[in-house]
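Heads up: the sequence lines are chains A and B, in that order. For reference, each letter of the first sequence is one residue, going 1 to 400 in the numbering used here. For reference, each letter of the second sequence is one residue, going 1 to 235 in the numbering used here.
Because the hints were derived from the structure by calculation, they are not lab data. Quick caveat, the model's predicted, so the values are computed rather than measured. Ideal Cβ placement from N, Cα and C applies to all residues, glycine included. A couple of the hints might just be wrong.
As the list claims (entries may be wrong) - Only some residues are given here: those of chain A computed to face chain B with a beta carbon under 8 Å:
1. Ile13
2. Leu18
3. Lys102
4. Leu132
5. Gly135
6. Thr137
7. Glu140
8. Ala313
9. Ile314
10. Leu317
11. Asp320
12. Ala347
13. Leu391
14. Ile394
Claimed, not checked - One-sided and incomplete, this derived list gives chain A residues near chain B with beta-carbon spacing under 10 Å:
15. Leu6
16. Glu170
17. Lys174
18. Arg272
19. Arg306
20. Gly309
21. Phe370
22. Asp392
Unchecked claim - Across the chosen pairs, the derived CB separations fall in these ranges:
23. B:Ala36 - A:Asn295: 48 to 58 Å
24. A:Phe383 - B:Ala23: 44 to 54 Å
25. B:Ala36 - A:Arg398: 24 to 34 Å
26. B:Thr79 - A:Glu303: 38 to 48 Å
27. B:Arg25 - A:Asn295: 34 to 44 Å
28. B:Arg65 - A:Arg398: 42 to 52 Å
29. A:Trp3 - B:Thr79: 48 to 58 Å
30. B:Gln21 - A:Leu22: 47 to 57 Å
31. B:Glu226 - A:Asn295: 45 to 55 Å
32. A:Trp3 - B:Val130: 39 to 49 Å
33. B:Val130 - A:Leu367: 41 to 51 Å
34. B:Arg25 - A:Arg398: 18 to 28 Å
35. A:Arg398 - B:Glu207: 33 to 43 Å
36. B:Ala22 - A:Leu22: 38 to 48 Å
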Amino acid sequence: MLWNTLLLALRAIRRNLLRSSLTILGVVIGVAAVITMVTLGNGATKAVSDQIVGMGSNLLILLPGQRFGPGSEGAPNFKIADAEAIRNQISSAEAVAPVANKTVTTVYQARNWSTVVSGSSNDYFRAGNWQLAAGRTFTEIEERAGKAVCAIGETVRDKLFGRQNPVGSEIRIKQFACEVIGLLKPKGQSAMGSDQDDIVLMPLRTVQRRLTGGQDVNRLMVSVLEGASIDAVKEQLILLLREHRNIGGNEEDDFRVMDTRQLAETLTGTTRILTMLLGAVAAVSLLVGGIGIMNIMLVSVTERTREIGIRLAIGALERDVLLQFLIEAVVLSSLGGLVGIGLATGASIGLAGAMQVPYLFDPAINLLSFLFSAAVGVIFGYFPAHRAAQLDPIEALRHE
Amino acid sequence: MTDAAALIRLSGITKTYGRGQAAFRALRGVDLAVDAGEFVAIMGPSGSGKSTVMNILGCLDIPTRGIYEFQGVHVEQLTRNQRALLRRHYLGFVFQGFNLLARTTALENVELPLVYRGEPAAARHATARVALEQVGLQGWEHHAPAELSGGQQQRVAIARAIVTRPAVLLADEPTGNLDLQTGHEIMDLISVLNRDRDITVLMVTHEPDMAAYAKRIIRFLDGRVESDQRKERGA
Chain A
1 MLWNTLLLAL RAIRRNLLRS SLTILGVVIG VAAVITMVTL GNGATKAVSD QIVGMGSNLL
61 ILLPGQRFGP GSEGAPNFKI ADAEAIRNQI SSAEAVAPVA NKTVTTVYQA RNWSTVVSGS
121 SNDYFRAGNW QLAAGRTFTE IEERAGKAVC AIGETVRDKL FGRQNPVGSE IRIKQFACEV
181 IGLLKPKGQS AMGSDQDDIV LMPLRTVQRR LTGGQDVNRL MVSVLEGASI DAVKEQLILL
241 LREHRNIGGN EEDDFRVMDT RQLAETLTGT TRILTMLLGA VAAVSLLVGG IGIMNIMLVS
301 VTERTREIGI RLAIGALERD VLLQFLIEAV VLSSLGGLVG IGLATGASIG LAGAMQVPYL
361 FDPAINLLSF LFSAAVGVIF GYFPAHRAAQ LDPIEALRHE
Chain B
1 MTDAAALIRL SGITKTYGRG QAAFRALRGV DLAVDAGEFV AIMGPSGSGK STVMNILGCL
61 DIPTRGIYEF QGVHVEQLTR NQRALLRRHY LGFVFQGFNL LARTTALENV ELPLVYRGEP
121 AAARHATARV ALEQVGLQGW EHHAPAELSG GQQQRVAIAR AIVTRPAVLL ADEPTGNLDL
181 QTGHEIMDLI SVLNRDRDIT VLMVTHEPDM AAYAKRIIRF LDGRVESDQR KERGA
């Protein structure tokens, strides 16, 4: 009986193919919109969290000054001694990399490129989660002597060397020549949108001697041992630095500690909320699609009044007629759901490519959208089906 | 007439449409008994109540007052769904306008009552084919109503009505939309079904030619039975 009803519904839909297509369009668009929004949102969340993991998980970044922009001025930079103290006193600190930055123009043969030179130690590779694509890291002698050697990022390689292997070549920075000893593996854009591969890495002493001309470091990067409490290390860092920087008991910190894990949570949390909002807006269009189905089902019941009369006269129960029209509505809306899923898959893959976020197939949202579309059929199909079932057979047979 | 085992018995049936000032009394007290195997023609001018009594006999409508017993069952006390089941199992309908499902083949139209009886597809096809054969339409199984003549459409409708082997065939002006010759062919078919398959036939008509096929003619006037004549010999 149910199978017959299903066949009947499919036949009724096929008879009015154009009208059926237009009817389900609302549901198709609704389902496609919901799935595409959520899929892209998931992809964006994944991209953000990947980038932050790429910065180095368990990473604490210490910056002088309490805020970004104005107000941070006046706060003194860190010293190498601060890094030494952290290394000696905080056992859970795995790697401590003091960093001194300077924006310079780099030159190789006829090409030049303006970039940031970071001076640091070999710990920088570990703390920043950098891997080498070619070459090597600094030797102890190079670090101690402040030799003119450097490792460069993918962007710098591209601008100066093209596809060529840069290891062993010399680039010119200001007035001195610097040997490229390593090529860093690309990391891509940071969560903040800056290019992480636009980097030249040198021993700290080299940068201090030849570029910044002082003992200051702009930044301290501390990676925490796997399994150790990041919050505890953060506390210890703050206490230690307050002491080193002579901050009184009721004065505020003149530095700040950024935590990549916290950053990751904040940023992915934001994208997740945006995803939910967009999904909710898209779900409204699914409801509008349901109203379209109800409208057409009402028209269909009126058009087929005589058919309903015949069915009732020859022995169809109210339930039979109700089921016939309800199933027709559910088949329509489910069909819309399926087409919507197909459309969403295509759109998601295309848009994910265009937006450079990964495409993540989410079975849950696909299933949920499909079930929701079927539910839309039940909810909005019930009223027209009920109306059909309640028709008086005598009146219905007389209907022209 | 006073047979206690009558198939159909109407006692004191009235039917009033509307209320108060606008009330229209379509039936004003009808007493009637029909035995199994009878062929009854119901005649009368329009507004005489013959269609109303047909709707009540067909369990499509219920009387305002009175008792309708069908094989001893009090139809006036049944619910809408119970009456649908009664129609499904005991009654067959033939209408003036054929009332076939459009864009649906003859075979599928005939199968329709069997679908609601929950019969499996294979048995349905076989039974429906036999019914079509009985009305002389073998070879026309896969034609839609639009591809059939009026007489052929009415034959499909008759096949649909008898495919469930009903106790009673209710025909409402079955020849009203047909030319004279086709009308006679249809009446011949109904007579054969009444005689050979023992189906009780109740037919509304206003054509004396067609009523002549019946073995009993009941005339209605102003919501009452005006006359009730039996013939000794059927057509």
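The hints, checked one at a time:
no.: 1; hint: Ile13; verdict: violated (13 Å)
no.: 2; hint: Leu18; verdict: violated (16 Å)
no.: 3; hint: Lys102; verdict: violated (82 Å)
no.: 4; hint: Leu132; verdict: violated (72 Å)
no.: 5; hint: Gly135; verdict: violated (76 Å)
no.: 6; hint: Thr137; verdict: violated (77 Å)
no.: 7; hint: Glu140; verdict: violated (87 Å)
no.: 8; hint: Ala313; verdict: holds (5 Å)
no.: 9; hint: Ile314; verdict: holds (5 Å)
no.: 10; hint: Leu317; verdict: holds (5 Å)
no.: 11; hint: Asp320; verdict: holds (6 Å)
no.: 12; hint: Ala347; verdict: violated (37 Å)
no.: 13; hint: Leu391; verdict: violated (11 Å)
no.: 14; hint: Ile394; verdict: holds (5 Å)
no.: 15; hint: Leu6; verdict: violated (12 Å)
no.: 16; hint: Glu170; verdict: violated (85 Å)
no.: 17; hint: Lys174; verdict: violated (87 Å)
no.: 18; hint: Arg272; verdict: violated (51 Å)
no.: 19; hint: Arg306; verdict: holds (7 Å)
no.: 20; hint: Gly309; verdict: holds (8 Å)
no.: 21; hint: Phe370; verdict: violated (29 Å)
no.: 22; hint: Asp392; verdict: holds (8 Å)
no.: 23; hint: B:Ala36 - A:Asn295: 48 to 58 Å; verdict: holds (50 Å)
no.: 24; hint: A:Phe383 - B:Ala23: 44 to 54 Å; verdict: violated (33 Å)
no.: 25; hint: B:Ala36 - A:Arg398: 24 to 34 Å; verdict: holds (30 Å)
no.: 26; hint: B:Thr79 - A:Glu303: 38 to 48 Å; verdict: violated (28 Å)
no.: 27; hint: B:Arg25 - A:Asn295: 34 to 44 Å; verdict: holds (41 Å)
no.: 28; hint: B:Arg65 - A:Arg398: 42 to 52 Å; verdict: violated (24 Å)
no.: 29; hint: A:Trp3 - B:Thr79: 48 to 58 Å; verdict: violated (28 Å)
no.: 30; hint: B:Gln21 - A:Leu22: 47 to 57 Å; verdict: holds (48 Å)
no.: 31; hint: B:Glu226 - A:Asn295: 45 to 55 Å; verdict: holds (50 Å)
no.: 32; hint: A:Trp3 - B:Val130: 39 to 49 Å; verdict: violated (24 Å)
no.: 33; hint: B:Val130 - A:Leu367: 41 to 51 Å; verdict: holds (47 Å)
no.: 34; hint: B:Arg25 - A:Arg398: 18 to 28 Å; verdict: holds (20 Å)
no.: 35; hint: A:Arg398 - B:Glu207: 33 to 43 Å; verdict: violated (21 Å)
no.: 36; hint: B:Ala22 - A:Leu22: 38 to 48 Å; verdict: holds (44 Å)
Checked against the numbered hints above, the structure violates hints 1, 2, 3, 4, 5, 6, 7, 12, 13, 15, 16, 17, 18, 21, 24, 26, 28, 29, 32 and 35; every other hint is satisfied.
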